[in-house]
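Model the full structure from these sequences, guided by the hints.
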Amino acid sequence: MFPRPIEKAPAARQIAYKAALPIALIAWLLPLIAVMLTSARSIEDLNKGNYWGLPEKWMLIENYSEIFRVTPMATYMLNSIIITLPTVVVSVAFATMAGFALAKYNIRFRILLFAIFVGGNFIPFQILMIPVRTLTIDLGFYDTPWALIVFHTAFQTGFCTLFMRNFIAALPNELIEAARVEGVSEWKIFRHIIVPLVRPALAALAVLIFTFVWNDYFWSLVLVQSDEVRPITAGLNALKGQWLASWQLISAGSIIAALPPVALFFLMQRHFIAGLTLGATKG
Amino acid sequence: MSQYWRKNQVKIAPWLFLAPAFFVFALYVLNPIAQSVWISFHEWDGLGEKTFIGLANYEELFDDDQFWISLTNNVYWLVLYMLAPPIGLGIALFLNQNVPGIRLVKSLFFFPFVISQVVVGLIFAWFYDPHNGLMTVILGSVGMDPIAVLSDEDLVTYGIIAAGLWPQIAYCMILYLTGLNSLSPDQIEAARLDGAKGLRMLWHVVLPQLMPATFIAIVVTVIGALRSFDLVAIMTDGGPYGSSSVLAYFMYEQSMFNYRMGYGAAIATVLFLIMDVYIAFFLWRMIRAERG
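Residue numbers (this note's numbering), protein chains in the order written: chain G, 136 to 418; chain F, 97 to 388.
It is possible that part of the hints are untrue.
For lysine to any residue, the following SDA-like pairs were computed, each having C-alpha atoms within a straight-line distance of at most 20 Å [to be verified]: (1) F/146 - G/269; (2) G/153 - G/139; (3) G/375 - G/172; (4) G/183 - F/236; (5) G/153 - F/194; (6) G/143 - F/189; (7) F/146 - G/272; (8) F/202 - G/402; (9) G/183 - G/172; (10) G/375 - G/182; (11) G/375 - F/203; (12) G/375 - G/356; (13) G/192 - G/168; (14) F/293 - G/138; (15) F/293 - F/311; (16) G/375 - G/181; (17) G/192 - G/179; (18) F/293 - G/148; (19) G/375 - G/246; (20) G/323 - F/99; (21) F/293 - G/136; (22) G/143 - F/192; (23) F/202 - G/160; (24) G/183 - F/231; (25) F/202 - G/157; (26) F/202 - G/394; (27) F/107 - G/325; (28) F/107 - G/192; (29) F/293 - F/189; (30) G/143 - F/195; (31) F/107 - G/246; (32) F/202 - G/142; (33) G/153 - F/203; (34) F/107 - G/320; (35) G/143 - G/155; (36) G/375 - G/178.
Since the hints were made in silico from the structure, they are not lab data.
Given below as structure tokens:
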């Protein structure tokens, strides 16, 4: 283990280390802590300039219910869910099939095809913006949830294929070959051998894609425009314009927007981290 | 038919498996790239007819001060973002211990990466607020005047990059924590017996083993730096007077607000070509590893 385990250090250093941990953590998260405190402040507190101390009066429930009452926050939240969930399911499904094809069949152009999916992931969004916007309008999806669902599904399929192909490539070939000798059809091999084996990878991928799509801001500016379909990221920024002085509300909104990915991360931490390393290091 | 299928399904099935993914990816990613490059040779307001004007958009671009400002800012992003891997490594080394509660501490350190850049942007815009922001409070406590970072042409880009570094460092930290977990204990012990420790150990024994993590950290950091859009859009809209714009934002501004699709496409093409260098490098490494 590197660095040398702290248990082997002198007692004074151990104590210093244990004291330094929470201090470092608070310093690192200071901006976020301030926002959390402010989401529980009263307007009077803010007017007095008490931005960084403890709230004089805790308005936690009031502020969080206020934001759902006076702003379309609930709609934004619902829109984000409507956009994110189908995207996760469909892109992961497409990518599992494509990953299987690229990992376990000796087809022509397999490296080229794989490179296209991988390379497509890293391109700047702006190179897609104008044609994707035009296509979305032509398909009649502009300013509907479909605009974002279809685009995100297509785009995330690239990353998912990279991920699934690497995972499936590491599975043993013997099972597949044995099944083939038995005369099992290719679809059944996929359905009954591959899918059960990739379950852990499916979880990792699903959490990651959920976070990517939930946090997207650029496409929610480009492909939708009305409050009825806006996801929470674009919605939050719209609120900032309308509620300029009401920092307690903006803060509460920010916390709400951040909550689902944070909760998911906590629930599925191991999977999440395995996904982020792109399979380059073993998690 | 069914006989033919039975004989050839091993040849046909992979193409059927690939078809849905490839179709959506071709429609929404591959074809738009080609179309954007094509549009960049035209004058177009997004609605009417396109007029072919050859390289005129690119000629105009290279004479446009705003283009050079944005490109320079992208270089600042790229250079300063390179602080994320070493700082992330530093934090990972600090946290790589087995004390009670360390798992929770690690996940809390990772927080900034999980939350949306919109939220990060709002938090930092507020942090920099010259009236009540935390920075003003801190500066005031040591007797300094407030600095309006986001309305200062010389400081604004640094202010936004600092906000971007926060989640980026968290990402690099997690990559290194995972890497540190899979270090070979034998090599570390052997080096310890040889008397290696501290920085020498880090440099000669640990870092070489962390190469895969470093590679991914650098790739995602470069891509993150060149993709920077959200924070600029949230915190300043490229202002004041375009001084914090980056190519991604400049492109968005020209096409969405000025209806200059051809010009916007030309900016996007330039950004795409810059990123292709890194994408090509990544693919080359990946394919080389693949062929073993």
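Evaluation of the provided hints:
{"no.": "1", "hint": "F/146 - G/269", "in the structure": "13 Å, holds"}
{"no.": "2", "hint": "G/153 - G/139", "in the structure": "15 Å, holds"}
{"no.": "3", "hint": "G/375 - G/172", "in the structure": "18 Å, holds"}
{"no.": "4", "hint": "G/183 - F/236", "in the structure": "17 Å, holds"}
{"no.": "5", "hint": "G/153 - F/194", "in the structure": "11 Å, holds"}
{"no.": "6", "hint": "G/143 - F/189", "in the structure": "16 Å, holds"}
{"no.": "7", "hint": "F/146 - G/272", "in the structure": "17 Å, holds"}
{"no.": "8", "hint": "F/202 - G/402", "in the structure": "14 Å, holds"}
{"no.": "9", "hint": "G/183 - G/172", "in the structure": "15 Å, holds"}
{"no.": "10", "hint": "G/375 - G/182", "in the structure": "18 Å, holds"}
{"no.": "11", "hint": "G/375 - F/203", "in the structure": "29 Å, violated"}
{"no.": "12", "hint": "G/375 - G/356", "in the structure": "15 Å, holds"}
{"no.": "13", "hint": "G/192 - G/168", "in the structure": "17 Å, holds"}
{"no.": "14", "hint": "F/293 - G/138", "in the structure": "9 Å, holds"}
{"no.": "15", "hint": "F/293 - F/311", "in the structure": "24 Å, violated"}
{"no.": "16", "hint": "G/375 - G/181", "in the structure": "16 Å, holds"}
{"no.": "17", "hint": "G/192 - G/179", "in the structure": "9 Å, holds"}
{"no.": "18", "hint": "F/293 - G/148", "in the structure": "17 Å, holds"}
{"no.": "19", "hint": "G/375 - G/246", "in the structure": "46 Å, violated"}
{"no.": "20", "hint": "G/323 - F/99", "in the structure": "18 Å, holds"}
{"no.": "21", "hint": "F/293 - G/136", "in the structure": "12 Å, holds"}
{"no.": "22", "hint": "G/143 - F/192", "in the structure": "14 Å, holds"}
{"no.": "23", "hint": "F/202 - G/160", "in the structure": "9 Å, holds"}
{"no.": "24", "hint": "G/183 - F/231", "in the structure": "18 Å, holds"}
{"no.": "25", "hint": "F/202 - G/157", "in the structure": "11 Å, holds"}
{"no.": "26", "hint": "F/202 - G/394", "in the structure": "18 Å, holds"}
{"no.": "27", "hint": "F/107 - G/325", "in the structure": "15 Å, holds"}
{"no.": "28", "hint": "F/107 - G/192", "in the structure": "70 Å, violated"}
{"no.": "29", "hint": "F/293 - F/189", "in the structure": "14 Å, holds"}
{"no.": "30", "hint": "G/143 - F/195", "in the structure": "12 Å, holds"}
{"no.": "31", "hint": "F/107 - G/246", "in the structure": "17 Å, holds"}
{"no.": "32", "hint": "F/202 - G/142", "in the structure": "18 Å, holds"}
{"no.": "33", "hint": "G/153 - F/203", "in the structure": "17 Å, holds"}
{"no.": "34", "hint": "F/107 - G/320", "in the structure": "12 Å, holds"}
{"no.": "35", "hint": "G/143 - G/155", "in the structure": "17 Å, holds"}
{"no.": "36", "hint": "G/375 - G/178", "in the structure": "16 Å, holds"}
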